[in-house]
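Top to bottom, those sequences are chains Z and L.
FYI, the numbering for the first sequence is 139 to 223, going by the working numbering.
FYI, the numbering for the second sequence is 138 to 364, going by the working numbering.
These aren't lab readings, by the way, just hints derived from the structure by calculation.
Be a bit skeptical, because a hint or two may be false.
[Said to hold, decoys possible] Label-pair ranges, simulated between beta-carbon atoms: (1) 151(L) x 157(Z): 21 to 31 Å; (2) 251(L) x 189(Z): 19 to 29 Å; (3) 250(L) x 192(Z): 26 to 36 Å; (4) 170(Z) x 251(L): 40 to 50 Å; (5) 161(L) x 170(Z): 11 to 21 Å; (6) 144(Z) x 176(L): 55 to 65 Å; (7) 215(L) x 157(Z): 33 to 43 Å; (8) 344(L) x 170(Z): 46 to 56 Å; (9) 363(L) x 191(Z): 50 to 60 Å; (10) 154(Z) x 215(L): 46 to 56 Å; (11) 344(L) x 192(Z): 19 to 29 Å; (12) 297(L) x 200(Z): 41 to 51 Å.
Note that beta-carbon positions come from the ideal geometry of N, C-alpha and C, so glycine has one too.
Residue-level listing of the chains:
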Amino acid sequence: MRFRFEVLVSLKDGLLDPQGKAVQGALPTLGWSNVSEVRVGKHIALTVDADDEAAATAQVQEMATRFLSNPVIEDFQVLEVEPAS
Amino acid sequence: MTEWKPRIGVVTFPGSLDDRDALRAATLMGGEPQTLWHGDADLGGVDAVILPGGFSYGDYLRAGAIARFSPVMESVAAFARAGGPVLGICNGFQVLCEAGLLPGALLPNVGLRFVCRQVECEVVNAATPFTRACAVGERLSIPVKHITGRYHPPAGLDPAQVVLRYAPGHNPNGSEQDIAGVVNPAGNVFGLMPHPEHASDPLSGSTDGLKVFASMREHVETAALVA
């Protein structure tokens, strides 16, 4: 079976995110002056072939821990979108 | 009798840029340069390994994140565990952090810009295989050129592992505690963002970087005498 996942990777709280600051700094020039705490992360979408959903989820968790994120500086969240056709 | 020369291996990853300068520095330090290939796990019996600067695998995902899974890296990790000296310069530093051979991680520069300039670094720990030819407090003038050089140490990093700091006013990237280079707890793996191999020839304005390579040579020679 095929399962579709999204992995959201974000910089750990408290770590300076200059990219988020730059985006936040640009928003008021477009008229949106009420925005704060902008953080920029990564979005990784992938499809896994596995016997069942539990195996696929466990694998994505491990991939996210060992490779897709760096636990020293990042947190991640795994979202299962839908069984892929 | 021919003069004994330490054999210095320099790994080339897809996207490495500074492997040639690192090989040249190996010659300038009186060593025998040896090219190593990322896809080949054989280190060829070298006495020390250098992971050079560049943008391995395009720095995709995170700088160094993909290079750390190259076949050569398993051998480099085994070499490091056995006490072999490993030097990671710039991208090489990033690869060593991603591989867990060095503590911490490197983040995008605070200014969001690529910086390319000469900086002054202070030697904080001169009791490592990479700084033994230096004195504590000595300043080295070495260039940096990177966009992902902001060092983030793990909580509780042993201060003795900090080998090099940017001198006051010289931190080019927002590195925490002005850290420019760190060693592993055993002291035989060293990573730094500045490029000592680009400060090894009088043509480039400073030869301060040679002290890092001279230190490595001294270390390897001493180890060879003991063995």
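Tell me the numbers of any earlier hints that the structure contravenes, in ascending order. 2, 3, 4, 5, 6, 10, 11 and 12
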